[in-house]
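J.: Got chain A sorted already, so can you dock chain B onto it with the hints?
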Amino acid sequence: MSAARQLWQGFAATWRAIAGDAGVLMLLFIAGILYSFFYPLPYSRESVQQVAVAVVDQDQSALSRQITRFAAAHPALKLTQVTPDLPAAQDLLWRGEIAGVLILPAGLQSQVLAGRAAAVEVAANGAYLVLNKAALNGFAEVVGTVSAGIELKRLSAASPSAAQVAAQRQPLNVNAVPLFNVREGYGAYVVPGVAVLIVQQTLLMGIAMLMGTWVERRAAPVAHTLAGYGGMLAAFASVGLLNSAYYFGFVLWWQDYPRGGNPAGLALLAVLYAFAVAAFGILIGTLFRTRERSMHLLIASALPMLFLSGLAWPDQALPALLRTARWLVPSTAGIQGFIGVNQLGASLAEVAPEAGTLLALLVASVLIGAWRWCRAAPPASPDSSGEPA
Amino acid sequence: MTTHRLGTGAVIGREWRRARGDFWDLAMLSWIPLLAYALTWWVFSAGIARDVPIAVIDQDQSSFSRQLTRWFDAAPGMAVVAQPAGEAEAMALLRERRAYGIVLLPAGLEHDLLGGQSATVQWFYNAQFSAHAGGLARDVRTVASTLSAGIEMVVREKRGAAPQQALAQFEPIRAQLVTLFNGNVNYEYFLALALIPSLLQIFVVLAIVSAVGREFRDGTVPHWLAAAGGRWSAAVAGKLALPAVSGMLQALLFLGFFAAVRGWAVAGSLGGMLAALALLVAACLGVGLLLIGVTLSLRNALSGAAFVTAPAFAFSGQAYPLASMPPLAWGWAQALPLTHYLQLQSRYWQAGAPLRYGATELLVLAGFALVCGALGYALLRWRGADARNWGKR
Chain A
1 MSAARQLWQG
11 FAATWRAIAG
21 DAGVLMLLFI
31 AGILYSFFYP
41 LPYSRESVQQ
51 VAVAVVDQDQ
61 SALSRQITRF
71 AAAHPALKLT
81 QVTPDLPAAQ
91 DLLWRGEIAG
101 VLILPAGLQS
111 QVLAGRAAAV
121 EVAANGAYLV
131 LNKAALNGFA
141 EVVGTVSAGI
151 ELKRLSAASP
161 SAAQVAAQRQ
171 PLNVNAVPLF
181 NVREGYGAYV
191 VPGVAVLIVQ
201 QTLLMGIAML
211 MGTWVERRAA
221 PVAHTLAGYG
231 GMLAAFASVG
241 LLNSAYYFGF
251 VLWWQDYPRG
261 GNPAGLALLA
271 VLYAFAVAAF
281 GILIGTLFRT
291 RERSMHLLIA
301 SALPMLFLSG
311 LAWPDQALPA
321 LLRTARWLVP
331 STAGIQGFIG
341 VNQLGASLAE
351 VAPEAGTLLA
361 LLVASVLIGA
371 WRWCRAAPPA
381 SPDSSGEPA
Chain B
1 MTTHRLGTGA
11 VIGREWRRAR
21 GDFWDLAMLS
31 WIPLLAYALT
41 WWVFSAGIAR
51 DVPIAVIDQD
61 QSSFSRQLTR
71 WFDAAPGMAV
81 VAQPAGEAEA
91 MALLRERRAY
101 GIVLLPAGLE
111 HDLLGGQSAT
121 VQWFYNAQFS
131 AHAGGLARDV
141 RTVASTLSAG
151 IEMVVREKRG
161 AAPQQALAQF
171 EPIRAQLVTL
181 FNGNVNYEYF
191 LALALIPSLL
201 QIFVVLAIVS
211 AVGREFRDGT
221 VPHWLAAAGG
231 RWSAAVAGKL
241 ALPAVSGMLQ
251 ALLFLGFFAA
261 VRGWAVAGSL
271 GGMLAALALL
281 VAACLGVGLL
291 LIGVTLSLRN
301 ALSGAAFVTA
311 PAFAFSGQAY
321 PLASMPPLAW
331 GWAQALPLTH
341 YLQLQSRYWQ
351 AGAPLRYGAT
361 ELLVLAGFAL
371 VCGALGYALL
381 RWRGADARNW
391 GKR
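Note that the protein sequences, when read in sequence, are chains A and B. The opening residue of the first sequence carries number 1 in the working numbering; numbering runs sequentially from there. The opening residue of the second sequence carries number 1 in the working numbering; numbering runs sequentially from there.
Quick caveat, the hints were computed from the structure, so don't treat them as lab data. A few of these clues could be false.
The list that follows gives simulated cross-link-like pairs (lysine to any residue, SDA-like), each with its CA atoms no further than 25 Å apart [stated by the list, open to error]:
1) A:K78 to B:G331
2) B:K392 to A:W214
3) A:K78 to A:A106
4) B:K392 to B:L375
5) A:K78 to A:A88
6) B:K392 to A:L34
7) A:K78 to B:P327
8) A:K153 to A:Q60
9) B:K158 to A:Q170
10) A:K78 to A:L63
11) A:K153 to A:Q111
12) B:K392 to A:R217
13) B:K392 to A:R154
14) B:K158 to A:N173
15) A:K78 to B:V178
16) A:K78 to B:Q334
17) B:K158 to A:R154
18) A:K153 to B:D112
19) B:K392 to A:K153
20) A:K153 to A:T68
21) B:K158 to A:E151
22) A:K153 to A:R69
23) A:K78 to A:L41
24) B:K392 to A:A19
25) A:K153 to A:H74
26) B:K392 to A:T290
27) B:K158 to A:R116
28) A:K153 to A:G107
29) A:K153 to B:P327
30) A:K78 to B:P326
31) B:K158 to A:R293
32) B:K392 to A:W15
Just so it is clear, the structure is predicted and the values come from calculations on it, not from any experiment.
Okay, chain A solo, but in the shape it has when bound (with noise of 0.2 Å):
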């Protein structure tokens, strides 16, 4: 049988064997599908809104029900309860009830009365780093208010102009300006991110299952040659690129995530990222011997992966090792390179490293994949052509 033959008889007995098999159907195609839905789901709103928090007024004063007031009517919050006492507070925090709590001390008014120095305390549950976080700003920036209210009163006292009085309040201002995900959406902070690993994930799982089954039959449909495995790897490389399709042609709009910025660059890649990953899953599915097992290792891997790449968490902050080591799976060049040209727009020069990366690991994947998928060629069927399963 010629190479090319033998090329075409590997791709189309693996697609057969993919579209034979409901439980790598399930895997490679269902699956996906699932998660684009279910995945996205809990940030659909995208940001937190209106904070539960409470209130403990100690001081009971004009100033104080000001202060309560201001924290009522800010968007962001949504006061549940104001009461004196303490512990009243410290039971709502533990029942979960709020995330965070403004006390204003006794003696607060007549403090800022006397133009004495006063200060308020914010306190917030740092276990929800984003509810801990809303809950802070919030309050600080009612507590700003009323406290720059009471500064421009004191300042114009003695200042000729309202300009200047703003000017001698705060010298230097910083002016944030949020670039790329401009909404400041949770879901497409953290979602693109996620397409990637389930699009690796679902396909290392999906190959690792059907070779795990050809090893437990003792007989593999594709031939245990150079020109087969080329025309497995093609046709695994098939799977990814429609299930990157889906996800960064269909997914990314429906949820209306921030997109679209290299087009050109997003086909190259997608191309690249799914082929190294079919090399990667052709070459852990060699160490299979199981259909299921490497559903176990795949699973509890997303989680610690998703964390390595650089996304979820600043990669400045891991240990040096980890910090090359990351570049070894697939899905950290991936994450990286299709958040570059999908959400930041970024040309292919631009996710060279990660273009190349990915170069690096289907070149690395392919040979050893390929010396060990030939080796391992059952003695008794010389015969390239393989037996049918």
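T.: Positioned in the frame of chain A, the structure of chain B alone reads:
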């Protein structure tokens, strides 16, 4: 071994011999989970991100702007890695992810500030990398407000206010912001502590699903039942033993390592924490039994386990709050043992709550164990012995 009395003990013995004879089976009950936990801890072991790269566009080129740049570089969370000439060059740095934010110091900055006018610094940040940007924003604001306060105090004192008086004038009411239970927002304490139980629930569900599912895949149900003396109760109890012991040991190692070795002592009820961990393991065993009872197929039960346990962290409310989820996601979150467990953990371990503050969640976890377990057991008993259900791949 044939002299053994048949029953739970014999099933446990059969499981143990099988695990010892299969490298990967034993690995999934022992070192693979521990390796995954160790890796997770290692990822977050730095606790706080330092020196996240930013770029500064200095259009002022004054001694003040150079001083400000040095201050930005000196802030613990960030490092000034580049000083591009223009915005185009800076944006390329962002797209290449060589910098995650740009500070733009406008021309005339020093002149304006020395002349008593206010000035504005632009802070452009990559909001797609929210974890990076959050820490950077804090540092940028801290540097700017420290500097601002310094300038303001000097101006006030020049006008004749005493330092103490100047401070009171400058900020009549100061808000002291306190992050409770996690003072310096340490991610080791926040994420590693939440992620490891999220992995634990995956491993426990996988363990029980695999232990029971194997018998259906291989069609060895009669052999399994024979070891149990024909009693389903003994057969299932024997299957639960090894995953339960393994899961509980993993849970105790997790608690012991972080509480004793890493110094994150349990601030509240230790008994509550232990009960929460034990009930999480029990609830996962129950969910696993239900999955295999419904499917009677190892492969389908594993797919189900993946669907239920792998995204559970995203639904748990730990990273993204439950109250901000749509009703469907909120409902699904309530149907996951992990959601309830993590609430207990943050209350008992971090917030220092006494035992009574978790009574509801403890009962819910126990309910998962009993209801899912009983349903799974009933389904196994009802359909498990039917040979038509065996051998499904």
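J.: Tell me, in ascending order, the numbers of any earlier hints that this structure violates.
T.: Violated hints: 13, 19, 29, 31; rest satisfied.
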